[in-house]
Amino acid sequence: MITRDDILKIAKLSKLSIEDEEIEALTKDMAEIIQFADTINTAVEDENMEFDNISNIINAFHEDEVIESFDSDLILKNRDGGEDGYFLVKRRSVN
Amino acid sequence: MSYELVAGLETHIELSTKTKIFCNCTTEFGGEPNTHCCPICIGLPGTLPKLNKNVVKYAVKAGLATNCSIRNISKMDRKNYVYPDLPKAYQISQFDKPLCENGYISLSTGKNINITRIHIEEDAGKLVHQRGDTYIDYNRGGVPLVEIVTEPDFRSIDEVVEYIEKLRLIMKYIGVSDVKMQEGSLRCDVNISVRKYGDNDLGIRTEIKNMNSLSFIAKAMEYEFNRQIDIIENGGIIEQETRRYNSDLNITESMRKKEDADDYRYFRDPDLVTISIMDEQIQQIKNELPELPSVKLKRFVEDYNLPIQDAELLVKYKKVAEYFEEACIKIENHKVVSNFILSQIFRTLSTETEKEDFNILIPPSYLNELVKLTETKKINSSLARITLEKMLETGKPLSEFITEKHLQGIDENTLKSICEKAVLANEKAVNEYLNGKEKAFGSIIGYIMKETKGNADAALATEIIKTIIS
Amino acid sequence: MVTSKIRYINNLLNKKEISCTELTNKYLEKIQEENKNLNAYVKVTEEEALIVAKKVDEKISSKGHLMPLEGIPMTLKDNISTKNIETTCCSKILKGYVPIYDATVWETLKSQNAVLLGKSNMDEFAMGSSCETSCFGGALNPHNLKHVAGGSSGGVSSAVGGNIAVYGLGSDTGGSIRQPASFCGLVGLKPTYGAVSRYGLIAYASSFDQIGPIAHTVEDAAIIHDTISLYDKKDATSCANKGIMTADKLNDSIKGKKIGIAKEYFEGIRDDVKESILQAIKIYEDLGAEIIYFELPELKYSLSVYYILACAEASSNLGRYDGIRYGYKASHYNDLNEMICKTRSEGFGKEVKRRILLGTYVLSAGYYDAYYKKAQKLRGTLVRAFKNAFTKCDVILAPTVPMTAFELNFTSIDPVETYLTDICTVPVNIAGLPAVSIPCGFDSNGLPIGMQIIGNSFEEHKILNIAYQYEKQVGDKIYKNIELGVKL
Ligand SMILES: [Mg+2]
Ligand SMILES: [Zn+2]
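Chains as they are written, first to last, in the working numbering: chain G, 1 to 95; chain U, 96 to 565; chain P, 566 to 1053.
Treat the hints as calculated values from the structure; they're not laboratory data. Warning: the hint list may mix true and false statements.
Unchecked claim - For lysine-lysine, the following DSBU-like pairs were computed, each having C-alpha atoms within a straight-line distance of at most 35 Å:
| id | chain 1 | residue 1 | chain 2 | residue 2 |
| --- | --- | --- | --- | --- |
| 1 | U | K352 | P | K915 |
| 2 | P | K648 | U | K221 |
| 3 | G | K12 | U | K304 |
| 4 | G | K77 | P | K595 |
| 5 | P | K657 | P | K711 |
| 6 | P | K660 | G | K77 |
| 7 | P | K942 | G | K28 |
| 8 | G | K28 | P | K711 |
| 9 | P | K595 | P | K580 |
| 10 | U | K314 | U | K352 |
| 11 | U | K170 | P | K957 |
| 12 | U | K192 | G | K9 |
| 13 | G | K12 | U | K113 |
| 14 | U | K352 | G | K90 |
| 15 | P | K865 | U | K170 |
| 16 | U | K148 | G | K90 |
| 17 | U | K430 | U | K485 |
| 18 | P | K595 | U | K174 |
| 19 | P | K807 | U | K152 |
| 20 | P | K660 | G | K28 |
| 21 | P | K620 | U | K174 |
| 22 | P | K580 | P | K660 |
| 23 | U | K174 | P | K915 |
| 24 | P | K799 | U | K148 |
| 25 | G | K90 | U | K381 |
| 26 | P | K648 | G | K90 |
| 27 | P | K798 | U | K152 |
| 28 | G | K9 | U | K304 |
| 29 | P | K620 | G | K77 |
| 30 | P | K942 | U | K148 |
| 31 | P | K648 | U | K381 |
| 32 | P | K648 | U | K170 |
| 33 | P | K915 | U | K113 |
| 34 | P | K711 | U | K113 |
| 35 | P | K915 | G | K90 |
Can you make the complete structure from the sequences, with help from the hints?
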């Protein structure tokens, strides 16, 4: 059974902060979802169940030849051009 | 009570492919921030990675050069953790099917350091912290790495240092990395624990992260070794944690305790396909490998009859070793060649990098000719030395400095006495020269030429006269 | 008789009966009127559309002849990256994000002068079955505005069904093309995994996601599929096209073709839906196809397998939304970690968070073997079960959804209840197979019923052929609510 503490642990791993008032409903939802996921554990395992990958392709490589990189203006476009060419995260928000 | 050090190493080495591991951006070091980037290596939504062909090849080379077995079937996995230098919030790495496994590197004592595995993965970007703000540059993000993991086989700091030096040399020899430690293209994490001599169980270990200098590694290990002993001696327990080396204070300090954040939730990267390498391909790569430093060292000692210390110095720089071998052709006493290189030529190359690059003006054939003359006793050693010096300065061949007449000629002692005579006989010219009249020197040389019927080596004579009158 | 709407318009343009600019303007005007109700578009790209339309008109006057998709007004689901056009996945966390590159499918269509009318609505990060998890609110069903258009590609089905786009590209991870197509009485094709490049498709679950068309008719879907199913060197999982043009195969006879019916697909299906499909089976028998009945007991694990694996991949794929490089960023925080956690907590909606948490859980230490690893094994079992089934039949016929379009807010009540409605669509994604949903009737409220035809890997030509032959037979009745022409 999934507990409140489990939820807090996976929330931390997921970098999600869960508000106190959310946690009860979320625990209940997750318990239900995990119970539903548990269906698979009624399946009998046999030897030949190993599964590798949905893609049957092997060895898709790129050639080791340089293609010109993007302008840093474009790289930083979604952060208003960044700060001196860098992405910047301020230590704390300025209020 | 005395304690034994037990250490294992995880070494990250940047591969010198032209492009990054999953995109075609350049791997060149440095550059203005975020100028070696594209949508793929900054992890924009919707982008997909595609593995660099040469990364696989280079890693297989690294594996073969360290006696690993190579997997025929391999894959890429995601290692999930959130940190700003990792734009996808996962590092594409290899978890349970690394390309190379079960290798070793032999130390000079004959002891083997076992290599558990070598896998390929992507490097992270670079963070610059300023006044608590974080500036991020993704140029290094996606540069290919091999991570080489050893068993906890090290019992001393010296062993660690020797291992790293050997590893560096191998990687350089096989051309998969330039291993420039100052540029961070080789970085080590050291797992370290202590135990009482005679104990078989391993103690609790700490991990010192991300060091890129041999002296820092040695200092950090020494500090950490003593720190752990102190704790145990005082009845404490070592805490399993990650530490960092603070070079300003020469201490290691705690970075983070072992906790949930270490749950990396590895799983196969569904964006990348199976890597399959056939035995024939592995064999072909093996055939392409150059002679490895350990083999070369053995050969230099046996075939060229060199003292091991000399051979080590030659083998340490791939280009020097190659130069040496070419200069040795049809020569009996190879030690003479080695001496010229290790003393006279090395003196002109002050830094390690200069020795590595070995950009000297004369080809090995020039040195070869010179040594041949000394072997046949046609010229004496001091003339040889002086001549080599001139050749190194000018890049001109032997014939520019040593003429036929020379070779028939006057030995150095005779020349010396003629020079002494010449100085006495040309007092005026000597004084004029010493007062700055360069031209006056010509008449002294003229005197010598007359005395020797032109057989003297003017250059050598000049040297001798200068020593006499200075 | 049902014809191709794309060919119809292509013909009008080629014959200069309408200019592309006029056509585009008509659609743009109609969007102005109808999008208020349908909420199909989250962004209308009027300016870009008219620039391309003008280009097409110039081409008609100089060269005369257009390629099939040239000048046809269409829409893209908002998880397909479009350079310089905001692409949000209908999530607050990507509001304002403007891609600096084009998805490969859009690059292909752009090169054929497709006229992009706008980006269409979807469930946030394609996680949902009703389009209602969109941060812009859900898209509505053109057949009845009290019902949803389906999900997650609900904006595409709403726009195409509402005749404010000729066709659209959606993405299908667990049914997100077929289910909304079914709800809106349209044709939706989920291609074989690897047939269409995923490059530029913002990932939900990488080993399931496929881009495909939602269109009015089977022929339209075939034309679009033939255009976009190309090998792409940017996508390592992309497969080389075998060179079969599905549109050329539509008229092949289906006499003697074996249509498989797996009884598990009909368990828990609403009676009227089941009845419509039984009718369709009769039509196929009349057309000379052979009906083969068999069991596929492995299907019973498919929903759990799907949710475990898709959420595991999603939890990793969605880790990158940290506020640093693009998209939403929390405005109040005290340190870097808090900035990231707040950005994600404020930026993601409830359903997305649930799936991230589930995915993190099934991958985390101690649970990996019981969930992720086990599900992965069962995925293999299902792949083999389908493979085996296709030794007995050419295609499998099944309902697309156990019911018709949900009423609004149906899905917000109980998450598991909602997941169960994906029962018929997810097996195909687990096995990487192609499937097409086509309309096969209406319920008593006049809402469309859909059926899907499932094929073996890279046999899109077979499923479209079999779909087309049905459509040819009964399309006039089944498609009665669809406006195939363009009112001029
Ligand atoms: Mg690593
Ligand atoms: Zn790049």
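query = Checking against the hints above, which ones are violated?
reply = 13, 16, 18, 21, 22, 25, 31, 33, 34
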